[in-house]
Amino acid sequence: MFFRRRSQKDFNAEVESHIALEAEGLRSEGMSQADAQAAARRAFGNPLAAQEQFYDRTHTPWLDQLRQDLYYAVRTLRRSPAFATAAVLTLALGIGANTALFTIVDGVLLRPLPYPDPSTIVMLYNQQADGETGSPAPADFLDYRAQAHTFENLAAYRSTALNITGKDPSQRVIGAIVTPDFFAVMKVRAELGRTFLSGRDRPRAGRLIVLSHSLWQRSYGGDANILGKAVDIDGEPHTVVGVMPRYFQFPDQSEAWTLSRYAVPEHALRPQIDQSPLRNTHYFEVIGRLAPGVSLAQCRAEANTIARRLKQQFGKDEEADSAAVIRLQDDLVGETKTALLILLGAVTLLLLIACVNVANILLARGASRQKEIAIRGALGAGKARIIRQLLTESLLVAAGGGILGVLFAYGALAPLRSWIPREMLAGAAVQLDLRVLAFTAIASLSCGLFFGLFPALQMAKSDLNGVLKEGGRGSTGDRSSQRTRSLLVVSEIALATVLWIGAGLLIRSFSRVLAAPEGFDPEHVLTLQTSLSQARYPNAAKRALFVNQSLDRIRALPGVVSAGVISRLPLNRGRSSRGLIVKGHPLSANDAADYLVVSPDYFTAMGVPLLRGRAFTDRDGAVLILNESAARRFVPEENPIGQFVHFDDNTPWLQVVGVVADVRQHQLDQSSVPAVYVPYSQDSWPFMAFVVRMTPLEPGRVQAAIRLVDKDQPVYNVRPMQEVVSGALSSRRFGMVLLGLFALLALALACVGIYGVIAYSVAQRASEIGIRLALGAEPKAVVTLILAGGFRLAVAGVGLGLILSIWLTRFLENALYGVQATDAVTFAGSSILLVAIAILASYLPAWRASKLDPANTLRAG
Amino acid sequence: MSTREEKDRLSLLQGTLDLLILRTLIFGRQHGQGIARSIQQSSEDELLVDHGALYPALQRLEAQNWIAAEWGVSENNRKARFYTLTKTGRKQLVNETDRWRRLSTAMARVLGTET
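Protein chains in written order, with the working numbering: chain A, 723 to 1583; chain B, 454 to 568.
Accuracy of the hints is not assured; some may be wrong.
Stated by the list, open to error - Below, simulated EDC-like cross-link-like pairs (lysine to aspartate or glutamate); rule was C-alpha separation at most 20 Å, straight line:
#1 A:909 / A:1053
#2 A:1105 / A:786
#3 A:1059 / A:1391
#4 A:951 / A:996
#5 B:532 / A:732
#6 B:532 / A:746
#7 A:731 / B:515
#8 A:731 / B:523
#9 A:1264 / A:1434
#10 A:1433 / A:956
#11 A:1105 / A:1094
#12 B:540 / B:515
#13 A:1433 / A:958
#14 B:532 / A:738
#15 A:1264 / A:1340
For the record, the hints were derived by calculation from the structure and aren't laboratory data.
Hey, can you work out the whole structure from these sequences and the hints?
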């Protein structure tokens, strides 16, 4: 019905006017005034019935009843503010935690990437027989590009740091060296100018650069005439051809994209050499766009066919056994997914506990409201109507909890956003928006239904007569309601147990990671990174000179104990590895070791213990140092010192002079891998990290010392080593702390739940306890009796929780370090904790029971 | 004016009241009581219009936009709600009348001529 709503008054007026008109008509036909009135009314029938009909027609009764129910619910809740507050707060905690976490999950896992048709962007990897994936070699990439039909486009890129020189001070930005197809794969157009064009921008056609919106704004003031201007990158002029839209920062928050001189991105160490023909070097990523209508499976199949063909064709020289094609979104999200899903699971458990708690409070309240319900029933309210009334009440509570929860989440989001490790975010924006609000609304309503339905059914079930006859002290339904409440508490304890065990496992993993020797001493160590440009430092001698002069100046600073450089700082991304051959030992296929270039003082500066032999000196020639794992792996039963090692037939033999302790080079929770250290004088890399042991840490003075050597050389990532270490733990800490927090909340809620049930049962059994006491029972025995009740509930709950945990903790396995998913200590510890807390929560009501005055309770009974 | 006993009058078949109201309104705007009276008179008092049932029907027709209503003043200076036929109502009347004619002819054929 879609007409202007008519008021009841208007209709009533029409009825009145009808009767008056009819009476007038009858009177004019000769009836008396009174007869005419009566006849007119008779002819109309019952005006009230007509009015009611009109009412029903214009009002939807359920809406009307809803309004009544809501009004009634608000009144009831206002009359019991303690209950309302407790219920709303409990729910708000659960819903708030869920909303906050869902916001992150939504931003990171569910929201599609901001590029056109993002599900068809894929990463292409090499895969070895053992499942390890890595990036394809240059020649492989070119073969794939030439042979594959399932890709619309295939491009390669290498993330790198670009030094923007010629400005004061010189600046360092994160950027990428890309092949011309890169932007065609992403299908993102430039905001200003153009991107690289595969047809037109041939490699070697002069150096071109595309800027990000942020860099354009920050460094060039949003200059509208930037196109065609030259930007010096590492001293080499690049022509600006375009500026990207604000959101485009792929890969890794890039701010500039340069076009490679070759068909593949340039190699960081040998930029002047085209790597295109090589099959044994891996240093860039390959990204592709599926051709229209091609499925991921088809693409995988074709990529694998090509991989096999390459393997056949090149045999031993081809390192890949097969190919892996992974959607970009899945690739970016990677391990974060597991971590976030674990947390989401945990927070769902927390919400369940909150719901159970509220259901429990409702049941308790229900007992005291039985008389009210019975009266409503006696006055003619149907069962359905009563259930609906009670549900309206719980939905109102849920809505309150939802609204407050959103506020909680909103408040929590700012700290959460700054605290969540960046690698977990994978560049995603995290914001509370309509999608999230919709989630919260659904979650709140389901909660309201979930915790409201139980008590509502229970109450509507109760027998009216019994309740009314007993004058409101109805015991009917009490026993079953008490049973329901106990059941709820048991499940609540079970859920809390699961959360505690999960948190416990993560906490134990964390402490194991902390306890595992890092292999170095991060205290009092400052680290700084530099990347020497090819243009300004074209040869090894110049680079070595810069490093040695800088180190000399740093050493001269007061408070500096020692200073060195290393090609790759521990716990930073990226790795370089080389195959290793020991003279006189049989060749084995996959013997690779991390390859690290260090200056002589690196080991003392970083605090890496020397186990055998000696460290490097300034005059070292063809020598190298192994770490413990490498010594054990490559020269297992002999003295490694004095052995000769080389990387392949084209490199000279190097003599082992020392063995140092294993260092957690890549991740703190990864066991150490074999590594070799080569003196800086033998292989002077352009990008190096300075490692300075000093007290106190004075970054400014160290930077100033380096600037004295070359004022144009940017120094970046100036960080205490302690910070590097804690950064490497941030994901793990994040997960652990959040899960721990949820477990604590769960414990608090379970505690309240147990207390409520025990206190209620004490109130119910007051007369029984009174009789016991009157008959001479010791107060102590009463305490024991009540505590035993709590203990039974706790044991049942914990038992159930243990069974659930055995099944659930397997999902945690990937996040654990040094503990089993069924770690006995954690399981036992959590169980004891939960039982202890349960007994503690029952103690107060038990103590009160023992202090009951028998005379009073008996009289009241 | 009750010249006949009410029980002798014919009750209206379901749905016919709507048609009669529309038909009545073709002569111009009218209020509820006038419609009832007019139906009764033009059927020569054969048809009984339950005044109470008239209003739900009017509402129904109004909801369907076949008639429109506004308050006005009757010839003897009383406030009354007057109904008028709308354009779609007119069309509906034509369709319904046609349908009714066919139905009643068919009924007459089946039942045979009066003896």
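Outcome of the hint check:
With a C-alpha separation of about 19 Å, the suggested pairing of residue 909 of chain A with residue 1053 of chain A holds against the 20 Å cut-off. Annotation: proposed proximity of residue 1105 of chain A to residue 786 of chain A holds, straight-line Cα distance about 18 Å (limit 20 Å). Restraint check for residue 1059 of chain A and residue 1391 of chain A: the C-alpha separation of about 18 Å stays at or below 20 Å, so the hint holds. Restraint check for residue 951 of chain A and residue 996 of chain A: the C-alpha separation of about 27 Å exceeds 20 Å, so the hint is violated.
Restraint check: the Cα-Cα separation between residue 532 of chain B and residue 732 of chain A comes to about 12 Å, which is no more than 20 Å; the hinted pair holds. In summary, the hint linking residue 532 of chain B to residue 746 of chain A is supported, as the alpha carbons are separated by about 13 Å, within the 20 Å threshold. About 17 Å separates the Cα atoms of residue 731 of chain A and residue 515 of chain B, which keeps this hinted pair within 20 Å; it holds. For the suggested pair residue 731 of chain A and residue 523 of chain B, the alpha carbons sit about 15 Å apart, so the restraint of at most 20 Å is met.
The hinted pair formed by residue 1264 of chain A and residue 1434 of chain A meets the criterion: a straight-line CA distance of about 15 Å does not exceed 20 Å. Between residue 1433 of chain A and residue 956 of chain A the alpha-carbon distance is near 14 Å, which keeps this suggested pair within the 20 Å criterion. For the suggested pair residue 1105 of chain A and residue 1094 of chain A, the alpha carbons sit about 14 Å apart, so the restraint of at most 20 Å is met. Restraint check for residue 540 of chain B and residue 515 of chain B: satisfied, since their Cα atoms lie roughly 13 Å apart, inside the 20 Å limit.
At most 20 Å may separate the alpha-carbon atoms for a hinted pair to count; residue 1433 of chain A and residue 958 of chain A meet this at roughly 17 Å. Restraint check: the Cα-Cα separation between residue 532 of chain B and residue 738 of chain A comes to about 10 Å, which is no more than 20 Å; the hinted pair holds. Proximity of residue 1264 of chain A to residue 1340 of chain A is assessed by CA-CA distance (about 16 Å); at most 20 Å being required, the pair is judged to hold.
This entry does not satisfy hint 4, going by the numbered hints stated previously; all others are met.
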